[in-house]
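Enquirer: Position 96 of the sequence shown, counted from 1, bears residue number 223 in the numbering used here, the numbering being contiguous throughout.
These are calculated hints, taken from the structure and not from any lab test. Given the structure is predicted, the values throughout are model-derived calculations rather than measurements. Each statement offered as a hint is correct.
What follows is a list of derived Cβ distance ranges for each label pair:
1) P381 <-> E168: 42 to 48 Å
2) R324 <-> A252: 39 to 45 Å
3) N313 <-> V167: 29 to 35 Å
All C-beta atoms, glycine included, are put in the ideal place defined by N, C-alpha and C.
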Amino acid sequence: MSVIFMSLSSQSASVRSESAYGRLLAEVPRFTWRVFGDGVELEMYAFFPPNHSREDAVPSMVFFHGGMWRVDSMAEFVPWATVLARRGVACFLPVFRTRARFEVSALDVLDDAEEAWLWVRENAAELGLDPHAVSVAGCDAGALMALHVAMPPVARKRRWLVFRSKEPLPPMPASVAIFRGVVDLNAPEAARLQIDREMTAAYGLNPVDLLRPCLPPLFSAHGMQDSLMDCHLSEWFAAEWKGCGNAAMHVSCPLGDHAFLHFNVNPQVFEQVMASWDAFLVSNGVWPEADDPAGLLLL
Numbered sequence: 128m129s130v131i132f133m134s135l136s137s138q139s140a141s142v143r144s145e146s147a148y149g150r151l152l153a154e155v156p157r158f159t160w161r162v163f164g165d166g167v168e169l170e171m172y173a174f175f176p177p178n179h180s181r182e183d184a185v186p187s188m189v190f191f192h193g194g195m196w197r198v199d200s201m202a203e204f205v206p207w208a209t210v211l212a213r214r215g216v217a218c219f220l221p222v223f224r225t226r227a228r229f230e231v232s233a234l235d236v237l238d239d240a241e242e243a244w245l246w247v248r249e250n251a252a253e254l255g256l257d258p259h260a261v262s263v264a265g266c267d268a269g270a271l272m273a274l275h276v277a278m279p280p281v282a283r284k285r286r287w288l289v290f291r292s293k294e295p296l297p298p299m300p301a302s303v304a305i306f307r308g309v310v311d312l313n314a315p316e317a318a319r320l321q322i323d324r325e326m327t328a329a330y331g332l333n334p335v336d337l338l339r340p341c342l343p344p345l346f347s348a349h350g351m352q353d354s355l356m357d358c359h360l361s362e363w364f365a366a367e368w369k370g371c372g373n374a375a376m377h378v379s380c381p382l383g384d385h386a387f388l389h390f391n392v393n394p395q396v397f398e399q400v401m402a403s404w405d406a407f408l409v410s411n412g413v414w415p416e417a418d419d420p421a422g423l424l425l426l
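Please take these sequences and the hints and turn them into a complete structure.
Expert: Take a look at the structure:
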C-alpha cells in the first residue's frame, strides 16, 4: 500500500455547510480497504494530523456515519475528523454497504464495520498509527456498528470448563463513542433497521445483551430534544456499561435535537460534546493531553 500523507489547511476547518464538507472529502487521501468478488470496492477517507509521517504512532478514530442504513451520509463526521486531526488524532471515514446502494442484510453491514476497524488496525504501522489506540465511533445505526466492534460476542461456557481452557479475548478497540446511538434492537427506533429478531438472538447482535465487564471506555452523547430517538435509553445504556465495571460517560445536551452532533446546526453543542469526549479519553489514557486545548474549537 502506497501512502501519501496530507492534512487539511486551517481554513478548511471553519466550513459550516454540508456541501462544503463533501468537497473536503475530495481533498483527503483515500484507500481501498475492501474488494468483493463482484468487483465492488469500498474506500476509506483519511484525515491525518499536520506533518504526519509513517514514523509516527498517533491514536486514531474510525467513524461510522448514520442514516439508519438507508442513506449514505459520508460528510456527517467531516467536522469531527477535521478537529481531531488538528488535535493529533488520525481519523478514518469508511464507505460501507448500505441499503441505499446494495442489497445487504444487517450482518453484512455489521461485518463491514468490523472489517473496517481491523483494516485500520492491521495497517497501523504503514499509516503511522498506534495499533493499540484505534477507537471507533458512530451515530444512530453507525453507533450500532461501533458497538458491534467494541462488544464482540463471547461464547458462554459451563463454569467447570473455565479453568481448563482460557481462550484469548477477541481484539477490541481502544474506546467507543456513540452519538444518539441505537443501543437496543427491541426499541421502537430500531425497527427501521429491519433486523430479524431470530437473527438478533442467533448471532448476538443486540448490545443490551452483550453488556459485561472488560469492555473498552464508552462515551455517549444525546440531544434531549431528540424527537426521533429516546435520549434516556442512551443514558441508561451508559449507566449499565459503567455498572459492569467499565469506564463510561454520558453527556445529555438540553438544547440538542436529533441533529445535535452537526457543527453547522449547533456549534456550541458540538464544541461542548467534543471537549467532554476529549477530556474523558485523556482521563482514561486513550489519548495524550492536547498540546493546544483551543485546537478543539472551530469557532
